[in-house]
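Student: This is what each chain is made of:
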Amino acid sequence: MKITRRKFLKVSGLAAAVPLAGPRISLAFSGNKGSDRDILISVYQRGAADGLNIIVPYFDGRYYDLRPTLAVDPPGAPNGALDLDGSYGMHPTMTALRDIYDAGDLAVVHAAGSPHPSHSHFDAQDFMERGILEKIGAYTGWLGRYMELTSPFKADSPFRVLGMGTSVQITIRGNVAAIAMYDIDGFDLYAQEPEANAIRTALQALYPGDDLLDVSAQQTFAAVDLLAAANPLQYAPDNGAQYPETEFSRQLMQIGQMIKADVGLEVAAIDFNGWDHHDGELGILPSMLQEFSNALAAFNQDMGDRMNNITLTTTTEFGRRAYENGSVGTDHGHGGVMFAMGKNVNGGQVYVDWPGLQQQQLYEQGDLDVTTDFRLVLGELLDKRGGGTDLNYVFPDYQMPSFLGIFS
Amino acid sequence: MATMTRRRMMESGLAALVSSMSAGAGAGLAQGMNPARLRERSGTPPTPRVLRQPGKPGFEIGHIPMPAGFIDNAALKLNLPPAPEIVQLLNRISYGFLQEELDAAEAMGYAAWVEYQLNYEDIDASELEDILNEFLPTLTMSNAELFELEDFGQAYIELKAATLFRQIFSPRQLFERMVEFWGDHFNIYHQDDVTQILKTSDDRDVIRPNALGSFRDMLFASASSAAMVYYLDNFSNTVFGPQENYGRELMELHTLGVDGPYTEEDVIEVARAFTGWTLTDETDDLFTFYAPFHDFEEKVVLGQVIPAGGGIEDGEFVLDLLADHESTANYLAKKLCIRFVADDPPQSIIDKIAQEYLDTGGDIREMMRTLLLSGEFRNNDALKFKRPTDYLMSVIRTLNPNLTDAYFRLIFDFLITLGHLPFQWPTPDGYPDDAVYWTSTNALLNRWNFAIGAADGGLDYFIQVRIFELMDGARRPIEIVDTLAERILHRDLAADDRAVLLEYASDGGSPNQWLPLAEAVRKARGVVALLLSSRYFQNR
Chain A
28 MKITRRKFLK VSGLAAAVPL AGPRISLAFS GNKGSDRDIL ISVYQRGAAD GLNIIVPYFD
88 GRYYDLRPTL AVDPPGAPNG ALDLDGSYGM HPTMTALRDI YDAGDLAVVH AAGSPHPSHS
148 HFDAQDFMER GILEKIGAYT GWLGRYMELT SPFKADSPFR VLGMGTSVQI TIRGNVAAIA
208 MYDIDGFDLY AQEPEANAIR TALQALYPGD DLLDVSAQQT FAAVDLLAAA NPLQYAPDNG
268 AQYPETEFSR QLMQIGQMIK ADVGLEVAAI DFNGWDHHDG ELGILPSMLQ EFSNALAAFN
328 QDMGDRMNNI TLTTTTEFGR RAYENGSVGT DHGHGGVMFA MGKNVNGGQV YVDWPGLQQQ
388 QLYEQGDLDV TTDFRLVLGE LLDKRGGGTD LNYVFPDYQM PSFLGIFS
Chain B
62 MATMTRRRMM ESGLAALVSS MSAGAGAGLA QGMNPARLRE RSGTPPTPRV LRQPGKPGFE
122 IGHIPMPAGF IDNAALKLNL PPAPEIVQLL NRISYGFLQE ELDAAEAMGY AAWVEYQLNY
182 EDIDASELED ILNEFLPTLT MSNAELFELE DFGQAYIELK AATLFRQIFS PRQLFERMVE
242 FWGDHFNIYH QDDVTQILKT SDDRDVIRPN ALGSFRDMLF ASASSAAMVY YLDNFSNTVF
302 GPQENYGREL MELHTLGVDG PYTEEDVIEV ARAFTGWTLT DETDDLFTFY APFHDFEEKV
362 VLGQVIPAGG GIEDGEFVLD LLADHESTAN YLAKKLCIRF VADDPPQSII DKIAQEYLDT
422 GGDIREMMRT LLLSGEFRNN DALKFKRPTD YLMSVIRTLN PNLTDAYFRL IFDFLITLGH
482 LPFQWPTPDG YPDDAVYWTS TNALLNRWNF AIGAADGGLD YFIQVRIFEL MDGARRPIEI
542 VDTLAERILH RDLAADDRAV LLEYASDGGS PNQWLPLAEA VRKARGVVAL LLSSRYFQNR
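Chains as they are written, first to last, in my numbering: chain A, 28 to 435; chain B, 62 to 601.
Hints in this document: simulated from the structure, not taken from any laboratory.
Please note: incorrect hints may appear among the correct ones.
Listed next, with one range per pair, are the computed distances between beta-carbon atoms [said to hold, decoys possible]:
(1) Gly422/B - Gly383/A: 27 to 35 Å
(2) Val242/A - Arg552/B: 22 to 30 Å
(3) Arg89/A - Ala205/B: 39 to 47 Å
(4) Asn194/B - Glu272/A: 57 to 65 Å
(5) Asn440/B - Val242/A: 34 to 42 Å
(6) Asp424/A - Asn440/B: 38 to 46 Å
Derived, one-sided and incomplete: chain B residues facing chain A with beta-carbon distance under 8 Å [stated by the list, open to error]:
(7) Asp294
(8) Glu313
(9) Ser435
(10) Gly436
(11) Gly480
(12) Thr502
(13) Asn510
(14) Gly518
(15) Arg583
One-sided excerpt, in silico: chain B residues whose CB lies under 10 Å from chain A [said to hold, decoys possible]:
(16) Leu444
(17) Pro493
(18) Leu562
Only a predicted model underlies this, so the values are computations on that prediction, with no experimental measurement involved.
Note that CB positions come from ideal geometry on N, CA and C, so glycine has one too.
Generate the whole structure from the sequences, applying the supplied hints.
Tutor: What follows is the structure in structure tokens.
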């Protein structure tokens, strides 16, 4: 049951407290319709998702040799993979995403990832979010740097860059300030009348500078004002979309509500945690993939025609080892899987230059190799769906090869 | 705090917690709630939710794993008038403090207060510990006993509760800070199946006995702690199927650091050394070395040969090797300095602490003494942005409010929203420790709402500020501002900030006007809210 702000105030005895009425921003927005840039949503599967069991290379017999317990059966077998193109199949729990793939709005990129050799989650996430391979001074995220080169959909919107969660993801850090929001519901400042306005005014005056903390505070005031005026929670899912009742799904739904509320959102980052399956993978991965698939599909459905102006991509820090370990799980690997979803995606295809799974073909003798650099996918995204950008600035230590044609 | 009052607040808070757990709310608490529901207090307990049980998938409270180090070098430079040295000390080594604690520290002197807090065994915490043990029976259970619990959520909630209660009420403030530090360092996610129960013994037997003791002892205890063996999967690391998770994190996170001098090859070799360190139901602590799982072949770790034929000694050899390593000294020294000195601490102090580690064989108390007495610490005007736990605890410890029976629920739920519940960071690197990570709109908004609610009566159901005590008779805006600033911040305000507060408290009138009592109280509450919300109090 959703508890509204009104109910919250009532049950918490805060009836006398009202959201502080500061200078409200008037809403005269037009969104990005007609813009040559899509709203870009970056999903991070943290913990290194197992690409080989998400998109199964069922044509490659070595896959079955390396994973006697964990392998997903080929299409046609009971609980077999969902065929995509005669060679690759999706995990059987992902029927909702397969439908979108069939409709041509979902693309798969396999053996994708970062060429960085790290098997450390923390290092690898860090490098990937920054879009670099070397510590060369690019201390911002790839989407953050992209945003530095754009002009806003709506001038002065505090919600141009949104990170769902308790802090701002590195991916979207840059000179354009990013909002961290754990939940739309409750994103307001509460104080008792009759002091509410005076407290708000004084509090704002106590953060006058340009330090990290001051800037964050000013941004918070602006965001609170805009959110109160736009009231995104009024928007129910459209087109019969049904989101799973989980944190990731709620946050994805709320990104949709922010888009509907037309607050000037341009890029959003959202995390799905918990893909580090060293053991018991069979017990955990299927339900997580189902949730992942259903959440993305619900978003696609909810957004409907808006997906003409929205592109969603996924990343994970690396894939998992090609062969299973001794505890029905997989250790840290290298190449993984990325997804791209939206009406401007040339979907219904698996983009892959298969590196093979023979011993000598494995990266460091254990991992699926990376044949598609994640930056090639994201670079094309920014070029085609981001209205073009200076890719040398966004990905400073990468010489961009020809695009794969994932986006139109 | 007056002893009787404090005792009553500890007991009533714990009693309310225990009764809410028996009503089935314990597991509900654990799953977290929406921020707008935080202060909900209708009579009905929340719907119980089942925590993830062994072998079954569950979902995790979401946090964003972030790397330690390699972060934007955006140190806080707020340009505030510096706090007195002893105030800074108390800010850094405690979870907030009362005027009477400051008075005691000033009377004792800087170095003596450091010594007093370092020798925590001599500080009597028995009243608190007795109450905790009385109300939270799982704290003293063995792993085998914990497994017999009908509801694993009970151990889960009780450990979190004990941790937060100790931070609020323990007189051993530096010690509790060290417990938090090492709990982060040897992070174990509390919702990884059976870690719900096993973290209890890890906290009690690994972290707490060694938090100001020997790093080597803690490292050894951690390696055979059932919670760690489970969390980093070493229980399934066998000669038949090596599992490198523990071996990797042992070097990357527990000892050498990610930039340490080890290779992928070393990771595999260390994993081999720890084959057979696993779990059994035949011992009380569940840990065992099971020889049939062990790889008895030769290993080479960091260039050192471990001859074939060794058993449990292989792993012990590795732990000694890592504990003795210079990279470990540097890595731990830097982390301690980041926690206590600055996000970007001077290299000179890191070097001193690392040397102390090497000289004393990893004596944490000696490292901390050197750190707290160093010039770099004492003459340091860098700020540390309080992490959410620091912030909430310091609001409570500073105000010394009347805490109602339900206050624990409030703290718990705010910590969920702020992303800083104890032991709830999912990945083994532990909660970050830098301002760039913790400063966000979500953070500021919820911190302000906590402070404002605590001060202005909005959260009266949980926290009732003793406003008359704090005001100490002040009736004029200028007295209200100056009295409360001294009581809450113990430092000078910048002129501009004082002017903002005076303007607020005067409401357009003269700062010297005599306010009617009701208005004086209302303005005092507002000033408290503003002080707690200000940059001064957001940092330590």
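Student: Now tell me if each hint is right for this structure.
Tutor: Status of the hints after comparison with the structure:
1. Taking 27 to 35 Å as the suggested C-beta distance range, the pair Gly422/B and Gly383/A does not conform, at roughly 50 Å.
2. For the hinted restraint 22 to 30 Å between Val242/A and Arg552/B, the CB-CB distance of approximately 23 Å keeps it satisfied.
3. Separation of Arg89/A from Ala205/B is about 44 Å and conforms to the stated range, judged on CB atoms against 39 to 47 Å.
4. At about 38 Å, the CB distance of Asn194/B to Glu272/A disagrees with the hint of 57 to 65 Å.
5. Taken as a hint, the range 34 to 42 Å is violated for the pair Asn440/B and Val242/A, whose Cβ atoms sit roughly 28 Å apart.
6. With their beta carbons about 40 Å apart, Asp424/A and Asn440/B fall inside the hinted range of 38 to 46 Å.
7. For Asp294/B, the suggested interface contact is upheld, since its CB lies about 4 Å from the closest CB of chain A, less than 8 Å.
8. Proximity of Glu313/B to chain A holds as hinted, the smallest CB-CB distance being about 6 Å (cut-off 8 Å).
9. A hinted interface residue such as Ser435/B counts as satisfied when its beta carbon comes closer than 8 Å to some beta carbon of chain A; here the least separation is about 26 Å, so the hint is violated.
10. At about 25 Å, the closest approach between the beta carbon of Gly436/B and any beta carbon in chain A exceeds 8 Å, and the interface hint on this residue is violated.
11. The beta carbon of Gly480/B comes within 3 Å of a beta carbon in chain A, closer than 8 Å, and the hint placing it at the interface holds.
12. Because the closest C-beta pair between Thr502/B and chain A is about 4 Å apart, less than 8 Å, the hint holds.
13. Restraint check, Asn510/B versus chain A: the minimum CB separation of about 5 Å is within 8 Å; hint holds.
14. A least Cβ separation of about 6 Å between Gly518/B and chain A falls short of the 8 Å threshold, and the interface hint therefore holds.
15. Because the closest C-beta pair between Arg583/B and chain A is about 6 Å apart, less than 8 Å, the hint holds.
16. Hint status for Leu444/B relative to chain A: holds, with the closest Cβ pair at about 9 Å, below 10 Å.
17. Taking 10 Å as the C-beta contact cut-off toward chain A, the hint placing Pro493/B at the interface holds, the least distance being around 8 Å.
18. Contact between Leu562/B and chain A, as hinted, is supported at the beta carbon level, the nearest pair being about 7 Å apart and thus within 10 Å.
Comparing the model with each earlier hint shows violations of hints 1, 4, 5, 9, 10; every other hint is respected.
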